[in-house]
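**Student:** Below are the chains, spelled out letter by letter.
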Amino acid sequence: MEAPLIIEILDRFGKVKDRHKVTKFPLRIGRSYKNDIIIDDNYVSPEHVELMLDGDGHILATDLHSDNGMFTLHPLVRHDILTLEEDQRIRIGHTDVRVRSEDFDVKETFFDHGKPSELHLLMTSVLFLPLIWALTAGILLANQYFAVTHEVHFNQVLGAVLPTFIVIIVWTFIWSIVSKIITHKFYFAYHGIFVGLLLSGFYFIELAFEYLEFIFPISGLADLLIIFSDIAFTYILLYGHLRQSTHFNKRKTRLSSAIATSLIVGVAYLIVYVNEPQYQSQPVYSSIMKPPVFVMKKPVTIDQFFSNTSQLAEPLVEKKSAQDKNDPEDRDKDAPADKKLDP
Amino acid sequence: MLYSIFNRHQNVIGITSRYIVLLALCLFANSSASLASTEGVFKQYQDRLLQIRIVDKATNSKSTIGSGFFIDNNGTIATNYHVISKHVFEPKQYRIEYVSNDGTVHDAELLHIDVIHDLALLDGDAIDTPFLKISDQSLGKGVRIYTLGNPLDLGMTIVEGTYNGITQDTMHERILLSSALNPGMSGGPSIIEDGSVIGINVATAGNSIGFLVPQKFLSQLALDAKQVKPDNFLNVIRKQLIKNQNKYLTDLASKPFPTKQLGQYTVPAKLADFINCWGDSKDGSAPYRKSNDYCATKNNIYINSYLNTGTIRYNHYHFSDKDMGKFRFYKLIGSYFGAPSTSLPTSKDDFTEYDCKTDYVVHKAIKLKTAFCLRQYKKFEGLFDMVLTAATLNEDDKSLVTTLVLSGVSYENAVKFSKHYLGSFVWKRP
Chain A
1 MEAPLIIEIL
11 DRFGKVKDRH
21 KVTKFPLRIG
31 RSYKNDIIID
41 DNYVSPEHVE
51 LMLDGDGHIL
61 ATDLHSDNGM
71 FTLHPLVRHD
81 ILTLEEDQRI
91 RIGHTDVRVR
101 SEDFDVKETF
111 FDHGKPSELH
121 LLMTSVLFLP
131 LIWALTAGIL
141 LANQYFAVTH
151 EVHFNQVLGA
161 VLPTFIVIIV
171 WTFIWSIVSK
181 IITHKFYFAY
191 HGIFVGLLLS
201 GFYFIELAFE
211 YLEFIFPISG
221 LADLLIIFSD
231 IAFTYILLYG
241 HLRQSTHFNK
251 RKTRLSSAIA
261 TSLIVGVAYL
271 IVYVNEPQYQ
281 SQPVYSSIMK
291 PPVFVMKKPV
301 TIDQFFSNTS
311 QLAEPLVEKK
321 SAQDKNDPED
331 RDKDAPADKK
341 LDP
Chain B
1 MLYSIFNRHQ
11 NVIGITSRYI
21 VLLALCLFAN
31 SSASLASTEG
41 VFKQYQDRLL
51 QIRIVDKATN
61 SKSTIGSGFF
71 IDNNGTIATN
81 YHVISKHVFE
91 PKQYRIEYVS
101 NDGTVHDAEL
111 LHIDVIHDLA
121 LLDGDAIDTP
131 FLKISDQSLG
141 KGVRIYTLGN
151 PLDLGMTIVE
161 GTYNGITQDT
171 MHERILLSSA
181 LNPGMSGGPS
191 IIEDGSVIGI
201 NVATAGNSIG
211 FLVPQKFLSQ
221 LALDAKQVKP
231 DNFLNVIRKQ
241 LIKNQNKYLT
251 DLASKPFPTK
261 QLGQYTVPAK
271 LADFINCWGD
281 SKDGSAPYRK
291 SNDYCATKNN
301 IYINSYLNTG
311 TIRYNHYHFS
321 DKDMGKFRFY
331 KLIGSYFGAP
341 STSLPTSKDD
351 FTEYDCKTDY
361 VVHKAIKLKT
371 AFCLRQYKKF
381 EGLFDMVLTA
391 ATLNEDDKSL
401 VTTLVLSGVS
411 YENAVKFSKH
421 YLGSFVWKRP
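Same order as they appear, the protein sequences are chains A and B. First residue of the first sequence? That's 1 in this note's numbering, and the numbers climb one at a time after it. First residue of the second sequence? That's 1 in this note's numbering, and the numbers climb one at a time after it.
Check before you lean on any hint, since a few could be wrong.
[Unchecked claim] BS3-like mimics (lysine-lysine), calculated; alpha carbons at most 30 Å apart, straight line: (1) A/Lys298 - B/Lys379; (2) A/Lys298 - B/Lys298; (3) B/Lys379 - A/Lys297; (4) B/Lys416 - A/Lys297; (5) B/Lys398 - B/Lys326; (6) B/Lys290 - A/Lys297; (7) B/Lys239 - B/Lys141; (8) A/Lys297 - B/Lys331; (9) B/Lys364 - A/Lys297; (10) A/Lys290 - B/Lys357; (11) B/Lys364 - A/Lys298; (12) A/Lys297 - B/Lys216; (13) B/Lys357 - B/Lys260; (14) B/Lys416 - A/Lys298; (15) B/Lys419 - A/Lys290; (16) A/Lys290 - B/Lys326; (17) B/Lys398 - A/Lys298; (18) B/Lys239 - B/Lys260; (19) B/Lys247 - A/Lys298; (20) B/Lys428 - A/Lys290; (21) A/Lys297 - B/Lys367; (22) B/Lys322 - A/Lys297; (23) B/Lys239 - B/Lys416; (24) A/Lys290 - B/Lys282; (25) B/Lys247 - B/Lys379; (26) B/Lys416 - B/Lys398; (27) B/Lys298 - B/Lys141; (28) A/Lys290 - B/Lys141; (29) A/Lys297 - B/Lys357; (30) A/Lys297 - B/Lys282; (31) A/Lys298 - B/Lys331; (32) B/Lys247 - A/Lys290.
[To be verified] Output of the computed footprint for chain A on chain B, the stretches with three or more beta carbons under 8 Å from beta carbons of chain A: (33) 45-53; (34) 320-332; (35) 392-405.
[What the hints assert, rightly or not] Derived coverage of chain B by chain A (criterion: at least 3 residues anywhere in the stretch with Cβ under 8 Å from a Cβ of chain A; other residues may be distant): (36) 166-177; (37) 258-266; (38) 285-299; (39) 415-425.
Quick caveat, the hints were computed from the structure, so don't treat them as lab data. Note that beta-carbon positions come from the ideal geometry of N, C-alpha and C, so glycine has one too.
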C-alpha cells in the first residue's frame, strides 16, 4: 500500500462514521485532542494506537499501552503490534478502524427513478385512509349490532365500538412516530390504512369461523381456528408496520415480527390459560346458532344421534379405573364388599 | 326440607331465637288441647327415644344431631340416613354415638341404610332395650299422631299432630303430617296412641306441614339388615340409586308422554304427579316474545350436604321474533341453547366434567340442533348426570329451546329417556 491512504472510522454496527485521507506517517489515533485522528468513544484511550509505514510499504499498528487494547476481528484476538492488510479492520474500544488504499474498487450503483408501485401509492394515500377507517368502523358497528339480543340502543352500540376505534387511532400515531424517528417519514396514512384493513379482515375471518363451526358443530372449532388467525394477524400487523418504520431488510423484519408475535400471543394465551377454571362444572359444547338456511350438514335421526353416545360414558369409566390403579388400598377395600353383597 | 334447615344449623350452638319462639308457640297450642293424653304418651315412651350424634373424632365435639329410637330389644336403632350421612362418607373422621333417656352416651355402629327413603339402622350395642314396635295398621285421615324427637338439642319433646294420608306428589311415598317438625327431630318416631310407629320424621315444608317416612320401609330395611351386613356403604348407595332410577325412569318411559301445545310445537308436559310445572311468558320492551314452561320433580334424594340426586327437570323456551331479524334472533337462541340451567351440584370431588356430543337431528319435520352431555359420579360408578338441550331450526322467526336434566341415572336410561323425550316433540307447519 502506498500513501495517501484512507483511514475509516466505523461504529460497532459497521457503519462508517468518518473517513480521513492521510499522507503523513506515523499518525496517532485516540480520544485526546492531540491525536491526528480523534475518536469520540469513551472506551478508546486518550492515546490508543499509532500507525506507521515500514520500508516495504506495510502499515504497522502499535497499541500505545491502552486500557482496553487493540483487537483483530473474527476471531477477536488482542495484539500489541500488528501488520495491517488492505481492508482489514481492527477494534479499539467500541470503534473499528479500517485502512483502505485509493485504489479500492468502488462500483456504480444504478438507482431506479421510476414511479413507486400503484399499491404503494394507494397504501400511502391520504384519501384512502378515511375510506378504510369508515369501512372498519362500519364492520365494528355491524359486529356489535348483530351481537345485541335485546332492544338496540344505538348509543350503547357506539359506546362499545368507540374504545376499539380510539385504540386504532392511537396505534396509528405510535407507529407514525416510530417511522418518523427511524426513517424520517411520518407515514400516518400507511399505518392507519394497514391497521384498518387488517382489523376488518380479522372480523371477517372470525365470522367465517363461526359459520364454519355452525356448519360442522364441533365444540371449540371456531376458538381453535381463531388461535391460528390470532398468530397470523399479529405477525402480519407487526411485519407491515416494521417494514415501513425501520431500515430492516425483509429477513430481519420477518425475524423480529416472528419473535414479537410469539411473545405477544404466548403471553396472551398464558394469561387465558392461567385464568381458565380448573374444573368446568357446566356442560360445554358447540352452541353457535345461525338462521336455519345455514344448516348444511345432513341431520341424523334420533336413533342415529344416540347410536355412538356410549363414547361419552366410556372414557369416564377408564379414567375411574386408572384412578383405582393408583390407589390399591381403595380397590382392595371394594373387592370383599362386593362379594358379600352378591352371594 | 328438614335436613336443609338442619344442616344450616348443624353446629347446634347457633340456634336462632326465631326457632325457639316458633317451637314454644307450637308446644303451647298443642298441649293446651289434650294435655293429659300427650303427657301420658310421652312419659310412657320417652325411654325408647334417643339422640343421635355424629361426632368429629379429631375435636370430639358433635357435628350433627338427630333423633332415633330402638326398634327391638337387641339395641337396633332407627334413624334417618341424612342424620348419619357424614359418617358414611368420612368414617375415619366421624363416629356415631347416641344419648339415651338417662343421659348416658354410647357408641353406635352403622348396620344398614336405605338412601332412597332416607332411613338408617344402627347397632346400639345394648341388650334388653325397651323399644317401639312398628305399626301394621292402616290409618284414616285425622288420626292423632305424636311426634317425638330432640329439636335443636333442646331436649326430648313431643308434638301432637294429625295424619293426613300418603302424599301423591312425591316420587317416594311420604306421610303428610300436620305438626311442627324442627331440625334435630329428624329420625325420631311418630307414633299413634298405642305406641306403635307409623312413620319416621324426615322433613318439613314450613308451618305445621311435616313429612314422615312410612313405617313399611323401616320394616323392610330391618328385614334386609338381618340378611346382609354391608361394610361398604357407598356401594350400597350406588346399588340403591341404580335400582331406584331404573324403576322410575322405566315407568315413565313405558308410555307416551303427556304433551301440550307451545306455539306450533307439541312438547312434553307434566309427566307424573311427582313433577311440578310452572309457566311464564314475557312480552315487554324486548324485541322478541318468550314463553317458558318449567317442570321439575318436587323432591330429590339426599346423598350428603353437597350432593342431591334423582331429579328430573325439563323446560321449554318458545321464542318468536318481533323485529330482530333472523341473525340477531338466532344469536339469542344460541345464548339459551348454549347455557342450559342445570341446577345441579357442582363439586369437583363428586363429578367428572361433562362430555358432550352435538349434532343436527331431524324428527317428524322438526330440525333440531341437539347437544347431549354426560358426567359421571366419581364415587358411584355407573351413575351419570345428563343434560340434553335442543333448539329448533325450522323457521327464521320462531324457535323452541328445550332442556332435559336427569341426575343420578344409568347411561342406558339416560339414552332411553332422552330418545323418548325428543320423540314426543311435534311441529305443525304454519
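**Student:** It remains to establish, for every hint, whether it holds in the given structure.
**Tutor:** Evaluation of the provided hints:
Under the criterion of a C-alpha separation no larger than 30 Å, the hint pairing A/Lys298 with B/Lys379 is inconsistent with the structure, at around 39 Å. Taking the CA atoms of A/Lys298 and B/Lys298, the gap is near 39 Å; set against the 30 Å cutoff, the hint is violated. At roughly 39 Å between alpha-carbon atoms, B/Lys379 and A/Lys297 are farther apart than 30 Å, so this suggested pair is violated. The straight-line distance between the Cα atoms of B/Lys416 and A/Lys297 is roughly 25 Å, inside the 30 Å bound, and the hint therefore holds.
Between B/Lys398 and B/Lys326 the alpha-carbon distance is near 9 Å, which keeps this suggested pair within the 30 Å criterion. A C-alpha spacing of about 28 Å is found between B/Lys290 and A/Lys297, which places the hinted pair at or below 30 Å, so the restraint holds. Between the alpha carbons of B/Lys239 and B/Lys141 the distance comes to roughly 35 Å, so the proposed pair goes past 30 Å and is violated. Between A/Lys297 and B/Lys331, the direct Cα distance comes to roughly 19 Å. Compliance with the 30 Å bound is thereby established for this hinted pair.
Distance hint between B/Lys364 and A/Lys297 is fulfilled; the C-alpha atoms sit about 17 Å from each other, no more than 30 Å. Using a Cα cut-off of 30 Å, the hinted pair A/Lys290 and B/Lys357 holds, with the two alpha carbons roughly 19 Å apart. Pair hint B/Lys364 plus A/Lys298 holds up; C-alpha atoms about 15 Å apart against a cutoff of 30 Å. Distance hint between A/Lys297 and B/Lys216 is unfulfilled; the C-alpha atoms sit about 55 Å from each other, more than 30 Å.
For the hint linking B/Lys357 to B/Lys260, the alpha-carbon distance of about 28 Å falls within 30 Å, and the restraint holds. At roughly 23 Å between alpha-carbon atoms, B/Lys416 and A/Lys298 fall within 30 Å of each other, so this suggested pair holds. Simply put, B/Lys419 and A/Lys290 have alpha-carbon atoms about 25 Å apart, close enough for the 30 Å limit, and the pair holds. Simply put, A/Lys290 and B/Lys326 have alpha-carbon atoms about 8 Å apart, close enough for the 30 Å limit, and the pair holds.
Restraint check for B/Lys398 and A/Lys298: the C-alpha separation of about 21 Å stays at or below 30 Å, so the hint holds. Only pairs whose Cα atoms come within 30 Å are accepted, and B/Lys239 paired with B/Lys260 is rejected, the gap being roughly 35 Å. With a C-alpha separation of about 36 Å, the suggested pairing of B/Lys247 with A/Lys298 is violated against the 30 Å cut-off. In summary, the hint linking B/Lys428 to A/Lys290 is supported, as the alpha carbons are separated by about 22 Å, within the 30 Å threshold.
At most 30 Å may separate the alpha-carbon atoms for a hinted pair to count; A/Lys297 and B/Lys367 meet this at roughly 11 Å. Restraint check: the Cα-Cα separation between B/Lys322 and A/Lys297 comes to about 28 Å, which is no more than 30 Å; the hinted pair holds. Note on B/Lys239 and B/Lys416: the hinted pairing holds, with a Cα-Cα distance of about 20 Å set against a maximum of 30 Å. At most 30 Å may separate the alpha-carbon atoms for a hinted pair to count; A/Lys290 and B/Lys282 meet this at roughly 23 Å.
In summary, the hint linking B/Lys247 to B/Lys379 is supported, as the alpha carbons are separated by about 21 Å, within the 30 Å threshold. Restraint check: the Cα-Cα separation between B/Lys416 and B/Lys398 comes to about 28 Å, which is no more than 30 Å; the hinted pair holds. Distance check on the hinted pair: B/Lys298 and B/Lys141 sit about 23 Å apart at the alpha-carbon level, within 30 Å; holds. A threshold of 30 Å between alpha carbons decides the hint, and for A/Lys290 with B/Lys141 the separation of about 57 Å lies outside it, so the pair is violated.
Under the criterion of a C-alpha separation no larger than 30 Å, the hint pairing A/Lys297 with B/Lys357 is consistent with the structure, at around 15 Å. Taken as a hint, the A/Lys297 and B/Lys282 pair is broken in the structure, with Cα atoms around 33 Å apart against an allowance of 30 Å. Distance check on the hinted pair: A/Lys298 and B/Lys331 sit about 22 Å apart at the alpha-carbon level, within 30 Å; holds. With a C-alpha separation of about 40 Å, the suggested pair B/Lys247 and A/Lys290 falls outside the 30 Å cut-off, and the hint is violated.
Residues of the region 45-53 of chain B with a Cβ under 8 Å from some Cβ of chain A number 0, which does not satisfy the need for three, so the listed coverage is violated. Remark: the region 320-332 of chain B is confirmed as covered by chain A, as 8 of its residues place a Cβ nearer than 8 Å to a Cβ of that chain, reaching the required three. A stretch counts as covered by a chain when three or more of its residues have a beta carbon under 8 Å from one of that chain; for the region 392-405 of chain B and chain A the count is 4, and the coverage holds. Residues of the region 166-177 of chain B lying with their CB closer than 8 Å to a CB of chain A number 0, which falls below the three-residue condition for coverage.
With a threshold of 8 Å between beta carbons, the proposed coverage of the region 258-266 of chain B by chain A is violated, since 0 of its residues qualify and at least three are required. Coverage of a stretch by a chain is defined here by at least three residues with a beta carbon nearer than 8 Å to that chain's beta carbons; for the region 285-299 of chain B and chain A the count is 3, and the condition holds. With 5 residues carrying a beta carbon less than 8 Å from a beta carbon of chain A, the region 415-425 of chain B meets the three-residue requirement, and the given coverage holds.
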